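Asker: So the protein sequences, as listed, match chains S and E.
Position one of the first sequence corresponds to residue 79 (the numbering used here), numbered consecutively onward.
Position one of the second sequence corresponds to residue 341 (the numbering used here), numbered consecutively onward.
Hints should not be assumed to be uniformly reliable.
Mimicking DSS-like on lysine-lysine, the simulated pairs with C-alpha atoms at most 30 Å apart in a straight line are [stated by the list, open to error]:
| # | chain 1 | residue 1 | chain 2 | residue 2 |
| --- | --- | --- | --- | --- |
| 1 | E | Lys430 | S | Lys103 |
| 2 | S | Lys181 | E | Lys521 |
| 3 | E | Lys516 | S | Lys239 |
| 4 | S | Lys181 | E | Lys518 |
| 5 | S | Lys92 | S | Lys181 |
| 6 | E | Lys454 | S | Lys181 |
| 7 | S | Lys181 | S | Lys200 |
| 8 | S | Lys130 | E | Lys430 |
| 9 | E | Lys521 | S | Lys234 |
| 10 | S | Lys239 | E | Lys454 |
Far from chain E, some chain S residues (derived; all Cβ distances over 10 Å) [to be verified]:
| # | residue |
| --- | --- |
| 11 | Ala100 |
| 12 | Ile116 |
| 13 | Ala120 |
| 14 | Leu132 |
| 15 | Gly149 |
| 16 | Gly153 |
| 17 | Leu167 |
| 18 | Pro195 |
| 19 | Lys200 |
| 20 | Glu201 |
| 21 | Arg208 |
| 22 | Ile209 |
| 23 | Ala231 |
| 24 | Glu243 |
| 25 | His245 |
| 26 | Ser258 |
For the chain E half of the interface with chain S, some residues (derived, Cβ under 7 Å), not all of them [said to hold, decoys possible]:
| # | residue |
| --- | --- |
| 27 | Gly384 |
| 28 | Leu388 |
| 29 | Ser391 |
| 30 | Leu394 |
| 31 | Leu398 |
| 32 | Arg400 |
| 33 | Gly419 |
| 34 | Ser420 |
| 35 | Thr423 |
| 36 | Ala427 |
| 37 | His484 |
| 38 | Tyr508 |
| 39 | Ala526 |
FYI, nobody ran anything at the bench for these hints, they're computed from the structure.
Nothing here was measured: the structure is a model prediction, and the numbers come from that model.
Glycine included, each C-beta is placed from N, C-alpha and C at the ideal position.
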Amino acid sequence: MEATASRANKGARKLDGGGIIAAIKASGIDYVLSVPDITTSAGLLAPIANDKTLRLIRVCKEDECIGIATGLAYGGKRALTLIQHTGFLDSINAIRGVAVEYKQPICMMIGLLQHDPEKAPKESPRYGVRIVEPILDDMGIAHHLISLDADVAQIKPAIDKAYAESHPVAFLIGRSPSVS
Amino acid sequence: MMKRDECFRILARHITDEAVVATYSSAVDWVEVSPRPLNYLSIGAMGLDSSHGLGLALGRPDRRVVVLQGDGSLLMNLGSLVTIGAAAPKNLVHFVAHNDTYEANGGHPIPNPKVDFANIARASGYAATYDFSDLRMFEQQVAHVLEQEGPVFATLHVEPSKPLHYDYVSLYDPEKRKAFKAAWLAR
Numbered sequence: 079m080e081a082t083a084s085r086a087n088k089g090a091r092k093l094d095g096g097g098i099i100a101a102i103k104a105s106g107i108d109y110v111l112s113v114p115d116i117t118t119s120a121g122l123l124a125p126i127a128n129d130k131t132l133r134l135i136r137v138c139k140e141d142e143c144i145g146i147a148t149g150l151a152y153g154g155k156r157a158l159t160l161i162q163h164t165g166f167l168d169s170i171n172a173i174r175g176v177a178v179e180y181k182q183p184i185c186m187m188i189g190l191l192q193h194d195p196e197k198a199p200k201e202s203p204r205y206g207v208r209i210v211e212p213i214l215d216d217m218g219i220a221h222h223l224i225s226l227d228a229d230v231a232q233i234k235p236a237i238d239k240a241y242a243e244s245h246p247v248a249f250l251i252g253r254s255p256s257v258s
Numbered sequence: 341m342m343k344r345d346e347c348f349r350i351l352a353r354h355i356t357d358e359a360v361v362a363t364y365s366s367a368v369d370w371v372e373v374s375p376r377p378l379n380y381l382s383i384g385a386m387g388l389d390s391s392h393g394l395g396l397a398l399g400r401p402d403r404r405v406v407v408l409q410g411d412g413s414l415l416m417n418l419g420s421l422v423t424i425g426a427a428a429p430k431n432l433v434h435f436v437a438h439n440d441t442y443e444a445n446g447g448h449p450i451p452n453p454k455v456d457f458a459n460i461a462r463a464s465g466y467a468a469t470y471d472f473s474d475l476r477m478f479e480q481q482v483a484h485v486l487e488q489e490g491p492v493f494a495t496l497h498v499e500p501s502k503p504l505h506y507d508y509v510s511l512y513d514p515e516k517r518k519a520f521k522a523a524w525l526a527r
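The task is simple: from the sequences and hints, build the whole structure.
Answerer: Written out as structure tokens, the structure reads:
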């Protein structure tokens with residue numbers, strides 16, 4: 079949906095996990111809800127698990143996150159759902175019913191498993207990765223590709239907008255974030 | 341064997357300012373017994389009742405949350421028992437109406453009516469679990485169940501009910517969600 083201007087940037091092609099976590103905190107996120115995802119495991123989930131200010135809720139299946147985040151939102155608490163794209167695909171009905179039809183501020187950070195960060199997700203040879211953006215487009219869910227440090231600046235305004243306007247948003251993590 | 345609406349009539353006498361998450365057949369019976377702004381009826385996808393309840397409980401630890409889930413619904417999200425057991429919200433009371441059927445989907449049987457939800461909840465880390473099949477016993481103990489430090493789980497063994505009218509337009513009315521939010525944040 080939103081093009082990432084930094085694609086053409088010839089600067090350092092890296093993604094710092096610490097920068098993403100700082101953006102999550104700056105966005106007022108209270109809870110991170112997660113099923114482990116190998117793309118974000120070391121750079122995001124492990125440090126979040128040790129973070130003193132973010133509360134991590136480990137769930138058994140990704141669609142639980144959609145219900146939990148909604149309940150939290152009714153109480154004025156912000157949540158980030160941190161999952162793998164396979165879990166996103168498994169949770170489509172919950173996202174359809176709760177996030178889209180009930181217009182809830184579900185903020186999802188989705189690791190693209192085995193994605194080549196130098197390719198656009200729609201050009202991935204992996205079917206599961208290739209269909210993520212078209213599905214989000216069809217569902218009318220705003221999404222942002224986060225593959226480079228320069229992309230991280232999109233996180234806070236998008237989360238603020240999701241909560242202000244009560245709609246879902248997805249961040250697609252296209253490269254394994256480095257451990258800070 | 342008990343009847344769900346009879347259980348809910350008894351339960352309603354003890355409900356004050358709790359959020360009550362109820363869906364499908366449980367919602368139909370509950371709303372008839374106790375229509376109120378603090379009823380949370382829009383869960384969006386079958387099975388998510390318990391997860392919404394967990395989110396509500398975590399979001400307002402100063403208030404109590406009661407979940408009225410069906411057996412078919414809980415089976416679709418059985419892992420939520422483990423998640424709730426680990427998150428351990430002290431303010432969550434979780435009832436499942438066990439009538440052995442997917443009542444809202446044509447009355448077909450659940451895969452195994454012998455499933456022991458209370459035992460699974462106990463093994464998943466719930467602080468207290470109960471199993472009721474006698475209405476008089478339920479009436480005697482329900483106040484205690486609601487006052488316990490959670491997460492608390494109780495199976496209500498009930499008969500499949502009479503045919504229900506599922507007015508989903510009313511149950512899922514966006515105005516009800518607005519009213520819930522206002523009431524939930526009011527205090």
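Asker: For every hint, state whether the structure bears it out.
Answerer: Right, here's what the structure says about each hint:
| no. | hint | result |
| --- | --- | --- |
| 1 | E/Lys430 with S/Lys103 | holds (26 Å) |
| 2 | S/Lys181 with E/Lys521 | holds (14 Å) |
| 3 | E/Lys516 with S/Lys239 | holds (24 Å) |
| 4 | S/Lys181 with E/Lys518 | holds (12 Å) |
| 5 | S/Lys92 with S/Lys181 | violated (34 Å) |
| 6 | E/Lys454 with S/Lys181 | violated (38 Å) |
| 7 | S/Lys181 with S/Lys200 | holds (26 Å) |
| 8 | S/Lys130 with E/Lys430 | holds (21 Å) |
| 9 | E/Lys521 with S/Lys234 | holds (24 Å) |
| 10 | S/Lys239 with E/Lys454 | violated (47 Å) |
| 11 | Ala100 | holds (24 Å) |
| 12 | Ile116 | holds (20 Å) |
| 13 | Ala120 | holds (22 Å) |
| 14 | Leu132 | holds (13 Å) |
| 15 | Gly149 | violated (2 Å) |
| 16 | Gly153 | violated (2 Å) |
| 17 | Leu167 | holds (14 Å) |
| 18 | Pro195 | holds (31 Å) |
| 19 | Lys200 | holds (27 Å) |
| 20 | Glu201 | holds (32 Å) |
| 21 | Arg208 | holds (25 Å) |
| 22 | Ile209 | holds (20 Å) |
| 23 | Ala231 | holds (28 Å) |
| 24 | Glu243 | holds (15 Å) |
| 25 | His245 | holds (14 Å) |
| 26 | Ser258 | holds (27 Å) |
| 27 | Gly384 | holds (3 Å) |
| 28 | Leu388 | holds (4 Å) |
| 29 | Ser391 | holds (3 Å) |
| 30 | Leu394 | holds (5 Å) |
| 31 | Leu398 | holds (6 Å) |
| 32 | Arg400 | holds (4 Å) |
| 33 | Gly419 | holds (3 Å) |
| 34 | Ser420 | holds (6 Å) |
| 35 | Thr423 | holds (5 Å) |
| 36 | Ala427 | holds (6 Å) |
| 37 | His484 | violated (25 Å) |
| 38 | Tyr508 | violated (12 Å) |
| 39 | Ala526 | violated (12 Å) |
In this structure, the hints that do not hold are numbers 5, 6, 10, 15, 16, 37, 38, 39, in rising order.
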